[in-house]
Structures are given as C-alpha cells and as structure tokens.
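Got chain Z; can you put chain L on it based on the hints?
Residue numbers (our numbering), protein chains in the order written: chain Z, 278 to 958; chain L, 0 to 327.
Just so you know, these hints were derived from the structure itself, not from any lab.
It is possible that some hints are incorrect.
What the hints assert, rightly or not - Partial selection, computed: residues in chain L whose CB lies under 8 Å from chain Z: (1) GLN28; (2) PRO30; (3) GLU36; (4) ALA55; (5) LYS59; (6) ARG60; (7) LEU96; (8) PHE98; (9) LEU155; (10) TYR162; (11) VAL273; (12) SER275; (13) PRO277; (14) LEU282.
Claimed, not checked - Calculated lysine-lysine pairs in the DSSO-like style (CA-CA distance at most 27 Å, straight line): (15) Z/LYS539 - Z/LYS497; (16) Z/LYS553 - L/LYS80; (17) Z/LYS623 - L/LYS186; (18) Z/LYS452 - Z/LYS553; (19) Z/LYS497 - Z/LYS449; (20) Z/LYS682 - Z/LYS627; (21) Z/LYS538 - Z/LYS553; (22) Z/LYS539 - Z/LYS452; (23) Z/LYS763 - Z/LYS732; (24) L/LYS163 - Z/LYS553; (25) Z/LYS627 - L/LYS192; (26) Z/LYS682 - Z/LYS774; (27) Z/LYS500 - Z/LYS449; (28) Z/LYS623 - L/LYS192; (29) Z/LYS449 - Z/LYS538; (30) Z/LYS539 - L/LYS192; (31) Z/LYS623 - L/LYS80; (32) Z/LYS399 - Z/LYS930; (33) Z/LYS538 - L/LYS59; (34) Z/LYS623 - Z/LYS896; (35) L/LYS163 - Z/LYS627; (36) Z/LYS763 - Z/LYS774.
From a predicted model like this one, the values you see are computed outputs, not experimental measurements.
Think of the CB as a built atom: it goes at the ideal place given N, C-alpha and C, for glycine as much as any other residue.
Chain by chain, the residues:
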Amino acid sequence: MSGRNFTRRDFLRVSVVSLAGVAAAAACAQEPEIVEKIVKETVVVEKEVEKEVTRLVGAEPEVAEPEVEAEEPVVKSAYGEAPQLAELVAKGELPPVEERLPEKPLVYGVDHPLSSEFVTGKYGGTMYVNQLPFGHIREKYMMQANNATTDIFPYVAESWEVGEGYRSITFKLRKGMKWSDGSPFTVDNYMWYWENECLNPDLLPAGPAGYWYVNDTLTKFVKVDDFTLRLEFGGPYRPVLNLASNWQTLVMFIARPDYVKKWHIAENPDANELAKSEGFDDWTQAYLFHSSNQRNCADVNIPSVGTVVETEIETDHSTYTRNPYCFEVDAEGNQLPYFDAVYSYKLDAKVAATKAVAGEFGVYRASPADIPVLQQNAASAGYRVLQWQSADGADAQVSFNLNDKDPVLRAIFQDLRFRQAMSIAINRQEINEICFFGLGQPIQSTVSPNASFYKPEWSTAFAEYDPERANALLDEMGLEWDAAKKNRLRPDGQPLKVIITWGYPAQGNEISELLREYWEACGVGVEIREGGDYGLYTTKGNANEIQVSMWSSDRIDELRLYLPGTQTKFNPLAEMFYAMEWERWHINPETGEEPPQEWKDFYEDYDAWFMAETEEEYKRLAERVFQFYSDQLVCIGLIGYGPVPIVARNELKNIPTVARIGDATNHFGTSLPQLWYLDEG
Amino acid sequence: MLGRFIARRLLYMVILLVAMSVVSFIIIQLPPGDYMESYIARLQAEGMQIDDSAIAALRKRYGLDQPPHIQFLTWAGRLLKGDMGRSFQYNRPVAELVFERVPMTVLVTLASLLVTYLIAVPIGIYSATHQYSLGDFVATAIGFVGIAMPNFLFALILMWALYKWFGLGIGGLFSQGMETAPWNWAKVVDLVKHLPAPLIVISVSGAAGLIRVLRGTLLDELGKQYVQSARAVGLPESRLLFKYPVRIAITPLISSIGWMLPSLVSGSTVVSIVLSLPTVGPLLFSSLTQQDMYLAGGIVMFLTFMTVVGVLLSDILLALVDPRIRFE
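Only chain Z is shown next, with the shape it has when bound in the complex (with noise of 0.2 Å):
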C-alpha cells in the first residue's frame, strides 16, 4: 500500500532532488518501504528530466532566460502531457494538466508495479483494431488484477478497505479527479446511479439486480463523505473484493456523470417531452440511450474517466480519442495514453484475420490456425507475432447435453460410463500437434491451476487415450454394435449418432473432425454442424437444440470465479449448454427440470459457496464443487493453454512480450494498452 501514498507533490519534490543531485536524500522521515519506492523513482526521474528538457527546449526555442524561466520548467516536469493538448491549454481551451489529474494520480510503476521491459512512451500515433479488443480502457472498475489475476491494484479506486467479516467495503476515491468533460467525479454520481436508476421503480421495476442482495437484505450505499463511499451488506459478502476488481463488474460500480440528469424524471419534469422530441416513447427510453455504457449503443457525448473517449460510433467503425481529464500517469509522470486516437473496425471474422496478416491492425489476436501465414508475411508487411498464452483451462472443451431433447440421448448422456468413455476415445496428444502446433497442453477441463484449492488431479483425470477402454465402458453399458459393427445401436434400436456443434474456437471445424474419427472408432456416430455467430449459438443453446456443444473454459481464475450469479464453466447459462433446464431450476424452481439429488448437492454446496464467512469453510466448499465437477465430467476439456498469436505492428512497443490472455485477464486489458505507444520513428 506504501506507493498509493505517492502524491503530485511527491512527484515535485522527486523532480527539484533529482536535479540538485541529491537522489536519496528525499527520503525524509518515512516508513522505511517508502524509502524504498522513492529511491528507485528517483533513479528513474533523473533520466527524464534530461529528456524534459530537451524537449522543452525544442518546443519553445525563444525561451532564452534560462534564469528566470528555470522555476517553471521544474514545476512543468511534475507532468507530461501530449502535444495536443498542451496545445489546447496555451490557447486557454484546456486547463494546465496539473489541474486536469487528481491530487494523487494512478501511477504506473508505484501503484501498479510493471515489469521491466515496459519503457517511457512516446505520444502520437492512431491505432488501428477490430472489434476494440481492449474496450475497457473506457471503462474504468474500481480496482484493477494484474495480468496473472494474482494480486489487486488501485484503479479508480485509490485505495480500499474490507470491513469486519465481509460485511462492508469502503472505497477511497480520487480527490480532484474529473470526467471527460472537467465535471467533478465525487461519490454522488454512485450515489446517482444507486438512488435513481437501481431504485427506480420505473426503470427497474423488479429493484436491483440479485448480486446487491446478501442474506435477502439489499445493500446499502453510504456516503461518508465526497470521496469516501461504503456499502453495508446484509451478511458476509467475501466476492465483494473480486467483484470490484473485476471487468465483470461494469454493470455494478456504476458512476454517472451530472451529464444524464436532464433526461431522468426526477431531476427534469419536461423529462418525457425532451425524451419524445428525440424520438423516443418516453424519459426512460431517452435515459437508458444517453446514461447506456455500452459499446456500439450510446450517446457518443457521455462523458467517462476512461483512457479513452469515443468520438464516433458507427456501424461499420468506431472512433476514440485520448481523455484529457485521464487519472493515469506513467512513473515519469506523463499523463495516459500515449497514442492520440484508435480506429475500431467491426469487420467479419474471415475479413479482419486477412487484414492482419497484411498488418493492418496495430494489434490484432489471431487464431493459433494462422501462425504459418502470418510468420510469412510477417517482414513483408511490418509486423511482429508475439506468443502469448490462452489463460482459458481448455481452449476447447465439450459437453453432452444432459437435458437433451431426446429422452434416448439424454438417457445416455446422462450415463457417466458414456461421457467417461468418449473421453478417453480422444487422442489429444493427436488434437495438439495438428491443431495447436503441439503448442497447446491434452488436459482435462478443471479451475486453473493458480487457484488456492486447486488438485492436480483434476487436471488428468480421464484424459488419457484409451480407445479400448472407452469400447469396454461402451460394452457395459449395453450399446450394442450393428450387423455391420459400423455403428452402436441406441436402446430403441436406431443407431446412435450425436450432433457436435461447435462455437469455438476458430479451428473447431478440424477439431470436430477428429473428434468424429475418435468417436465413430468407438461406434458412436457424429454430424458437424458450425454454431455460427455468438448470438446464434447461444440462442440455440438456450433453445436447448445443441446435443453437443463446443467452447473454450473460459472463467477459470479464482478471481474470475469466485463472482455470485455470473456465468462461468460451472454454472452453465453460457457457451456449454450441458444441463440448461436444471441450472434454471436452480435459479428458480419454478422453471426448468428438478435434477437429480447429486445436482441438487452440487447447487447446494455451490450457493454455499459464495457465503462462506471463514477461509477453511470456502476452502472446504470449492473442493467439493470443483471435485464434483471433475468426477462428472460435465466439460470434457481437450487442450489448454495453448498459444495465442498476436499481430503487433512492429512500431508498437511496451505491449508485452508474453503474457496470458483470455477472459480472465480481461483480454488485452492487464496487458495495460494504455502505457502501449507507437515509435514511428
């Protein structure tokens, strides 16, 4: 927590030492780790002091009294900001940056450790995406996981605070920080969105969403003061870190700006005139358009506190600029991002892989498939191919539909012998090598191994190649072979084929091949069939219409699991359609099927879970859950953590190397694209 105390005036004092010589005598009378950091700032600072410099000088050649002008530079230094908007400020349109961060900005470096290959950027450039793969850096959650989702950092948040038991959380906000339009970002714009959109019977007729009760008690929103915000919550409440620090969290630590209050009944009367005059029936369609934070489907006029601020959404592309008000500086003290705009292309999937490989895209994650052609083109076209790692436990996984339509395939699916035994039919050692450039790891679909009650054996179990063994458990469960022995025969004497429907990932269509070779050597017949677009395959899957369904197993981070009523690999709603009907049972026993008594436990422990109030009862709970879901083998995962290309341009720098990626880490966004810049020379 020492670096969080680094403020603007730190930042000052730092800049005047390192210039007198004097590095480590900063180190007044402070905690001993402060020390420390300060230190090894300054080391930093000396170097950038030269550069300011030098850079000042080249900006305003007529400065010639050195004398008098020497107070001023130092002071300047304290911050860096692009040359746009330093222009914007001489001309009187912007206020000076000191005035346009927070008192205690986020320092990346100090409050956000990096590694060492990140270097001071440059500014300018525009990056070119598909689809903004690192959208979060327009919107900003309270705390940020590093890469590894192994620790938890200041965001906008500066810092926090766990009450007693879970049964509290008090955030610390940014004294002075502002929107993108300069308004002042204090506790009342959560307040705001607490008070007149969760609780607004017009706009949310069935009252905040589940996850804001604890113990059946709704939460409660305390402001202690303009910059202090708690929430009280009915019970212990031991998510609530993840929950804040993860990207998930978009729908729940909202903050809206003054901005949205003229379409909102309470603060104008004239609220369903204005909402007609724009088109729309009345106040609470206007104000979901105009407060809406989601890409693709907003007032591109809202402010925010991200990195970035759109400037135009269209159907074809969107269009970012740089935030003047952003709260990020790097350790010199330049403010965020470095590059001046991003284009977002929203092109088809087959269009957006041929513009990479001609090195279109600034950045780009390409499809393992296409390693080859992108290493070829790679000099010609000006890029490099950096190799990441998925984050995802399988990269692809199947799971047979245990609430199938059929009652016959669902009889068998149900059977544990069945899904044991199509298992280990499959060679995965043979999936990786043609699919994944024998980059890829077999492995059973399980938590990731960074969790705290993680169990090796999960990870194995059921993954070894053993057709005959899969035969033999076919044999004992009495699916006889026909005349021919082509084919098993199902119970009701028609030959038992099952229909694979694949999702993802991008090579699903070679997998399911194989997957097909593997099966049918074990009398179990497939049909292939292309999910096709997110929205399609998961409505089918909704529909209950997919026998076999195929996706990654995404969500397998502790942090990323351990979040109440959220989709995860676990409690499918999403991408493995294994067992819709009783999961909806499980959310209320009204709807869906009633499962068997083992699911019943399984829920059961599952719910518990996310209650636990002491560490050995979470530990005790997340085994049973996760050896639950092992015994069962709901999600037959076959290869994980496999290499995940990514296209940089080559004048792209501070983009790491190697990191994970995947849903966990928020895709991009713990590779922190806002410290990436491009060096054109």
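Same frame as chain Z, but now just chain L:
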C-alpha cells in the same frame, strides 16, 4: 390504357406490401429467442452479468413481452406513419441507419451494373453472331467459370491479389486514415482506387449469366425469317443486327430492372461482408443474426417496396420498348 394499368398495379402493390409485411414479420420472429436474448448473450460474451430483473425490465421497455400480433400491429402502425422504429443494437432510428448507407450502396451497385452491361452486351452479341467460333468458346468458358465460382471466394482471392501486387488495403472502400477524412479530391481518388475490386466481383457473376441469356435470345432471333428477308433486301449486317434482333434480345435486360432496384439497396450481401463495404447488405445480415427485428423488418419492407416499384417500372419500360406487349 396506360393510366388504368398503372392504377390497377398500384392497388395490387398496396395489397402485396401488406401481405409482405405480415410474412416478413413472421419470418423474422421464427428463430427461437428475441433480441434481448442475443443482447444478453453478447453481454455475457463480454463477461458481464445481467440479472433477471434487469432483463425483464429491458424486455418490457422494448415491448418484447407483448404477444407477437400486438408487436406486429405496433410496428405496422408506426410504419404507416413513416416511422420505421429504432434499431435495438445501434439504438438509433432505423431510417437513419438505412439511409446513411444508401448513397454508397447506390454508387457501388450502379457502377457494377454499368460494368456488367459493358462486359455482357458486347460479348453476348459477339458469341451469338460468331456461334461455335474460338471466341465464342472462350467467352462461354469464362462465363461458366463466372457463374460457378462462389462470389465470396473470388472476392477474397481478388482482395489478396490487389493487396499483394498493387498494395491496396484489404476490404473497405477507403485506405487507412481516409475513412474519417472529410471529402476532398484525395479521398475521391482513394475511393476510385478501391472501387475496381467490388465492381469486378459483383459484375462478373452477373455478366456471366447475362452473356448466356443474351446469346440464347439473340440466337433465336437470328434464325427468324425477318432477319433473312432483311438480309435478302440487302440491309447492311451491322445495321440489321442492331436495329432488330438485338433490340428484341435486350428485353430480358429490361425486365431485370425490376430486380435491380432492390439490389441497388441490399447490394450483394455476401460480397459486401467479405469486402467490408459500407452498404446496406451487411446491415441486413447483422440485423438478422442479432434478431434486431425493427431494423431487419425495416430493411425487408424497404426492399419489398423497391422490388414492387421496380417491377412496375420494368413492365412500363418493356411496353414502351416492345410494342408487341399489351397492358393486359
């Protein structure tokens, strides 16, 4: 005569449009789920959590909790007042979304139509007048390749070739950095440089089909007695050809105008997606996959309207060009 014909057709048009609005609404509603479902799926894809109460609120706000026939009546009622509704996924008026893409769509389609005719008409006439010559065989072979090759595949190959040898960017109608630039001479030049790829792709398959049609009808005509008698009285070959048989053989081109109007708007959807052209086609496609029913319905109704108008226009034109056709 013509007046009564047009009046009758206009009446049919109204009935047809009403019927079409019902049919298209039913088809759009056919797939399981609604927009909220795919919207929630997308939020979940981004890892967000959406609570049931929020979903119910959104459904209600968008009127998706109403039975389909009520939804239809609301939509149709607004349509009559000229309000095409709001797109769910873009949260903007449908009319605005469609019409901002219309100019570029019309440009691409008209230009490719012109190229189609420029390729098809001379080759078709040449093929027919030089039947079974080497040139005819070459034209026929190319024609069959043009018909047989999937458009999108051709588009991908051509796109890559243009990138590899001419350094043109992949997809789109503008180079990087030009998309957001204000209109000026450089931007026009840039657009012209990017137009050939879509024009060639869209024209080739159309032209290939047209060559076959033109060749066939012209061959029929050339065998007729009036051609022989014209020849016998000593009419010069070129004058004979263009004055009579070609004029008749060209009628299929005119009747295709009816289909041309809607395609002016929807373009060639698949090609447009592959080449990422800012035309209406991709918009229709995404509205259908996202179950953005007002946007999809709006575009479909607009296309229907254009088809109906186009057919009427082509019927009138045909009658004017070919006096043998009667308004019956």
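Can the restraint linking Z/LYS623 and L/LYS186 be considered satisfied, given a maximum Cα separation of 27 Å?
holds (21 Å)
Tell me if the interface restraint on L/GLN28 is satisfied: Cβ within less than 8 Å of some Cβ in chain Z.
With Cβ-Cβ at 13 Å, over 8 Å, it is violated.
Hint validity - L/LEU282 Cβ closer than 8 Å to any chain Z Cβ
holds (6 Å)
Within a Cα-Cα threshold of 27 Å, do L/LYS163 and Z/LYS627 meet the stated pairing?
Holds. L/LYS163 to Z/LYS627 sits at ~17 Å (cutoff 27 Å).
Going by Cβ atoms only, is L/LEU155 closer than 8 Å to chain Z?
holds (7 Å)
Holds or violated: are the alpha carbons of Z/LYS682 and Z/LYS774 at most 27 Å from each other?
holds (14 Å)
Decide if the proposed pair is consistent with the structure: Z/LYS500 and Z/LYS449, CA atoms, cutoff 27 Å inclusive.
holds (11 Å)
Are Z/LYS763 and Z/LYS774 close enough, with their CA atoms no more than 27 Å apart?
Holds, at roughly 12 Å.
Agreement of hint L/PHE98 with chain Z interface, Cβ distance less than 8 Å
violated (12 Å)
For the hint on L/VAL273, just tell me whether its beta-carbon gets within less than 8 Å of chain Z.
holds (6 Å)
Given hint L/LYS80 paired with Z/LYS623 - CA-CA distance at most 27 Å:
violated (33 Å)
Hint check: L/LYS163 vs Z/LYS553, CA-CA at most 27 Å. Holds or violated?
violated (52 Å)
In the structure shown, a violation is registered for the earlier hints numbered 1, 8, 18, 20, 23, 24, 30, 31 and 34, in ascending order.
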